[in-house]
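Engineer: Here are the chains, one letter per residue:
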Amino acid sequence: MFLTVKEIRKHFGEGDSRVEVLNGIDAEIEKGEICVLLGPSGSGKSTLLNIIGGIDSADSGYIAINGEKTADMNEKKLTLYRRKHLGYIFQQYNLIPNLNIKENVEIGAYLSDNPLDTDEILKTLGLYEHRHKLPNQLSGGQQQRTAIGRAIIKNPDILLCDEPTGALDYKTSKDILKLISDVNKKFGNTVVMVTHNDAIKNMADRVIKLRDGMIRKNYLNENKIAAEDLDW
Amino acid sequence: MRNPLVKRLPSEFKNELGKYIVIFLFMALSVSFVSGWSVAGGSMATAYDESFEKYNIEDGNFELYAKADNELIKAVEDSDRYDTKIYENFYVEFPTKEVDSTLRIFKKRTDINLECLMDGEFPSSDSEIAIDRMYADNNSLNVGDKLTLHGKEYRICGLVALSDYSALFSSPSDMMFDSIKFGVAIVTADTFGTYPEDKLHYVYSWKYAERPADNTEAKKLSEDFLDKLSEEAPKYMNAVTGYIPEYTNQAIIFTGDDIKGDTAFVQMFLYIIVVIIAFIFAITTSNTIAKEAVVIGTLRATGYTKWEIVRHYLTLPMLVVFAGAVVGNILGYTVLKDYAASAYYGSYSLPTYVTLWNPQAFINTTVIPIIIVFIIDLLMLTRKLSLSPLQFIRHDLSRRKKKKAFRLNTKIGIMKRFRLRVLFQNMPNYIIMIIGALLGNVLVMFGLVLGPVLDNYQQEITSNLLADHQYLLKAQVETENKDAEKFSATTLKTIEGTLKSEEITVYGIAKNSRYVDLPLSDNEVYISNAYSEKHGIKTGDEITLREQFGSKEYKFRVGGIYYYPSTLTVFMDKDAFNEKFDCDKDYFTGYFSKSEISDIDDLYIATEITVDDLTKVSRQLTRSMGNMMNIFVVFGVIMYVLIIYLLSKIIIEKNAQSISMTKILGYRNSEINGIYIATTAIVTVVTLLVTIPLSDYVLGQLFVIFMRDYPGWLPYRSFVSVYVKTALIGIGSFAVIALALTRKIKKVPLADALKNVDE
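Residue numbers (the working numbering), protein chains in the order written: chain A, 1 to 232; chain B, 1 to 759.
Treat the hints with care, as some may be off.
Unchecked claim - In the SDA-like style, the derived pairs of lysine to any residue whose C-alpha atoms are separated by at most 20 Å in a straight line are: (1) B/LYS747 to A/ASP56; (2) B/LYS146 to B/THR191; (3) B/LYS207 to B/ALA75; (4) B/LYS649 to A/PRO97; (5) A/LYS133 to B/LYS411; (6) B/LYS747 to A/ASN74; (7) B/LYS411 to A/LEU116; (8) A/LYS76 to B/LYS747; (9) A/LYS133 to B/HIS395; (10) A/LYS76 to B/LYS746; (11) A/LYS77 to B/LYS291; (12) B/LYS747 to A/LEU80; (13) A/LYS133 to B/ASN409; (14) B/LYS291 to A/GLU129; (15) A/LYS77 to B/THR410; (16) A/LYS133 to B/THR410; (17) B/LYS744 to A/LEU116; (18) B/LYS500 to B/GLN548; (19) B/LYS411 to A/GLU129; (20) B/LYS746 to A/LEU80; (21) A/LYS123 to B/ARG407; (22) B/LYS746 to A/LEU116.
It should be emphasised that the hints constitute simulated quantities derived from the structure, not laboratory data.
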């Protein structure tokens with residue numbers, strides 16, 4: 001199994017305000033799969049994604065990629081783990097505001113020994129003519145594409161997407177989802193995508209539904225459809 | 001109802017505690033320094049100003065070749081151009097046996113230039129002497145000690161301050177006073193009467209019936225007085241050998257000028273620091289506004305006015321500045337005041353003073369700094385907060401919409417470009433940092449350079465003496481000493497222009513001189529490099545000098561510059577000298593000699609110019625300012641560290657989200673340090689490379705300005721060792737800052753990038 005999530009538990013707060021966010025999550029995701037973590041607000045899906053990404057730590061349990069457990073890693077190894085295996089796409093894009101579009105993508109490339117060609121990526125993403133602009137000169141969709149470019153340029157094993165269309169309109173959201181799907185097809189990355197949009201599950205290979213910190217459903221999607229055919 | 005925003009203040013203060021503590025300390029430290037100096041200086045200046053009336057300080061003095069007849073005194077006093085009274089103020093000078101110094105002794109004054117008793121009592125018997133307190137301190141002499149003068153032993157019965165010698169200048173032409181090797185003292189009238197007549201200096205002080213309103217009136221009156229004196233003295237077979245009105249007498253005015261000048265200097269220094277603090281607040285508050293844009297937008301949308309928000313963001317900076325000013329003033333009035341007073345007492349022979357509440361100092365150190373910070377921050381806040389609520393909510397804070405990023409050559413590696421972007425993004429911080437570093441470096445370099453400058457000056461003087469022995473004679477007496485070489489000399493004055501009038505020694509040098517190797521001709525003179533540097537005179541220029549006690553002018557063509565750093569001097573051919581000044585062909589004033597001349601009676605020797613005479617400036621400055629120099633270095637370093645730390649900390653805080661994001665992407669802390677700290681490090685190094693020579697230049701210019709008010713010339717020199725030390729201090733300071741910044745970057749949580757902030 002490529003990505004293993006084993007008995008993950010996590011809480012926030014103490015005493016009366018203690019909230020169990022994740023109550024023993026078990027999941028396995030195959031290499032190259034698009035896995036959608038679906039659930040309402042407070043279900044724990046973003047927390048789980050952050051733990052997979054090494055941004056947050058679990059109270060117990062572990063994450064393993066190709067058998068390599070993140071819980072055993074110190075800070076330096078975790079950094080290397082993120083550097084080597086992961087690419088991130090956030091709802092709020094999180095671009096570096098003082099770098100232009102090309103440079104924002106290049107800081108992703110810098111981390112890889114074999115990065116993809118920056119200009120190629122920018123052309124693929126339809127950003128080439130905007131490459132000298134600052135992030136705040138672009139639309140939300142263009143910024144999110146830049147974030148995707150920064151994530152995929154190092155050709156990561158796993159692409160972690162936290163509500164990547166949460167701040168975008170319908171059409172742009174579909175464009176972005178198609179882009180993620182295309183990237184997955186082209187480079188074979190495993191995609192773990194957090195969303196509360198039920199329709200997006202239809203483009204996934206695997207769907208994990210969460211509620212109150214527990215997995216309510218975990219299944220392979222037999223009726224996967226193309227991203228451009230999604231509707232909500 | 002109380003404004004709910006006020007409730008946020010404690011938590012905002014807590015969140016930024018480090019910054020506020022640093023700024024508070026910076027402010028309190030600066031204000032305490034300035035306040036202490038202003039209070040002590042103000043109190044002392046008041047005591048000094050009051051001393052003119054309290055101790056009946058003269059309006060001027062003159063020296064005659066011989067004791068004046070009563071008729072001469074009456075004739076000089078009798079004028080319709082001024083109303084004055086003349087008093088005897090004779091003195092003798094003796095070397096002291098116990099310490100290497102000369103003491104100028106007066107009889108106890110009863111009418112004019114009265115003394116202030118600082119310790120012990122005034123002399124009442126013929127074996128008692130009261131000496132200057134400052135001179136006593138510098139030579140470790142105390143009440144009860146013995147002092148042998150002119151073969152007689154005296155008991156020091158008291159320590160005094162002579163009101164006409166608050167700065168111990170032995171001669172009006174001295175560049176600097178000398179409170180180590182020169183002192184003043186008083187004995188009883190009976191004791192004074194026992195001193196040999198040939199040792200007496202016939203000095204007379206005059207005092208107008210009404211004190212001149214200002215220096216212009218004093219100048220007019222003193223010129224009238226000199227005219228009358230010069231006219232009358234020859235009629236009574238006498239000659240004027242010295243003349244100095246009070247307003248030009250360094251021994252009297254130097255102290256007041258220095259104290260008042262210091263106060264103005266430290267005041268200016270405080271204002272510069274306050275402006276820097278105001279800009280630091282402006283930058284940090286600007287960051288806070290960016291961080292809290294959504295909150296501000298929401299508040300504005302719910303009805304809070306712009307002014308309520310402005311007031312909110314002004315409150316903490318103003319409170320911190322106010323607290324810093326108050327604590328600084330308390331420290332100033334208690335600790336620093338005494339320190340400043342002791343520094344003044346360490347330099348000047350001042351009468352006792354009473355600490356005076358100084359409302360001007362309070363205004364200068366509290367009210368004006370608060371106004372400066374208020375205005376600068378108010379301007380920034382009103383500008384920043386003039387955006388619409390929606391712009392704040394959308395985090396759309398840029399005034400220049402769609403600002404294009406300037407292009408950087410893509411051949412430059414991404415990390416280097418990243419650093420450049422950080423550099424350009426934070427240009428205002430770096431500009432303030434450079435200004436702050438410049439100020440810090442000026443202080444550090446001043447602290448480091450004065451010692452070498454004085455040492456170098458002393459060394460240059462010592463190794464460029466005209467001769468090991470230089471005698472000025474009262475009469476033209478011959479010597480058998482083979483080393484002796486005659487010279488002529490006189491003193492002229494420069495014409496007052498941009499620089500004050502000052503004395504120039506004119507030497508007539510023998511042909512083929514063994515001591516002054518110059519190709520002198522009849523129609524050209526050489527001038528010392530000291531004269532050339534101070535007055536900006538070059539070879540080929542014509543100079544005009546005036547008689548010391550008259551109005552006759554002399555013109556000279558400068559044929560070259562002679563390396564003689566000791567004094568402002570003109571060298572000319574001896575025969576040409578004698579002709580120019582209407583002297584006999586064989587006239588001479590003294591001897592240069594490499595060995596001591598022992599066959600001339602002391603009676604005929606007016607003075608022997610020694611190395612001690614020429615090096616008194618460096619000696620006194622070392623004594624007066626030596627301890628202060630370390631304070632300049634320490635204060636400069638503190639200032640440097642605080643400013644660079646605060647501004648680099650702001651850069652990291654401003655970029656916390658980007659730093660967090662780069663961490664999530666997998667950048668190592670060392671790589672992130674390489675982006676953010678390395679940029680500041682590069683700026684620091686460049687700042688040092690720029691500001692060290694610039695500070696050196698500024699100090700050189702300040703030296704020139706400083707020396708304009710002083711007779712003579714103390715050249716400023718640059719030293720590689722000072723450059724290196726300043727650079728090492730700068731780099732060392734930054735290393736400490738970098739450690740703190742590294743910790744700060746390490747502490748930036750990964751979760752920062754997940755915050756819902758959009759830039």
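Engineer: All hints, please: hold or fail.
Structural biologist: Structure-based check of each hint:
| no. | hint | result |
| --- | --- | --- |
| 1 | B/LYS747 to A/ASP56 | holds (14 Å) |
| 2 | B/LYS146 to B/THR191 | holds (16 Å) |
| 3 | B/LYS207 to B/ALA75 | holds (15 Å) |
| 4 | B/LYS649 to A/PRO97 | holds (19 Å) |
| 5 | A/LYS133 to B/LYS411 | holds (18 Å) |
| 6 | B/LYS747 to A/ASN74 | holds (15 Å) |
| 7 | B/LYS411 to A/LEU116 | holds (17 Å) |
| 8 | A/LYS76 to B/LYS747 | holds (14 Å) |
| 9 | A/LYS133 to B/HIS395 | holds (18 Å) |
| 10 | A/LYS76 to B/LYS746 | holds (12 Å) |
| 11 | A/LYS77 to B/LYS291 | violated (31 Å) |
| 12 | B/LYS747 to A/LEU80 | holds (18 Å) |
| 13 | A/LYS133 to B/ASN409 | holds (14 Å) |
| 14 | B/LYS291 to A/GLU129 | violated (31 Å) |
| 15 | A/LYS77 to B/THR410 | violated (31 Å) |
| 16 | A/LYS133 to B/THR410 | holds (14 Å) |
| 17 | B/LYS744 to A/LEU116 | violated (33 Å) |
| 18 | B/LYS500 to B/GLN548 | holds (14 Å) |
| 19 | B/LYS411 to A/GLU129 | holds (19 Å) |
| 20 | B/LYS746 to A/LEU80 | holds (16 Å) |
| 21 | A/LYS123 to B/ARG407 | holds (19 Å) |
| 22 | B/LYS746 to A/LEU116 | violated (30 Å) |
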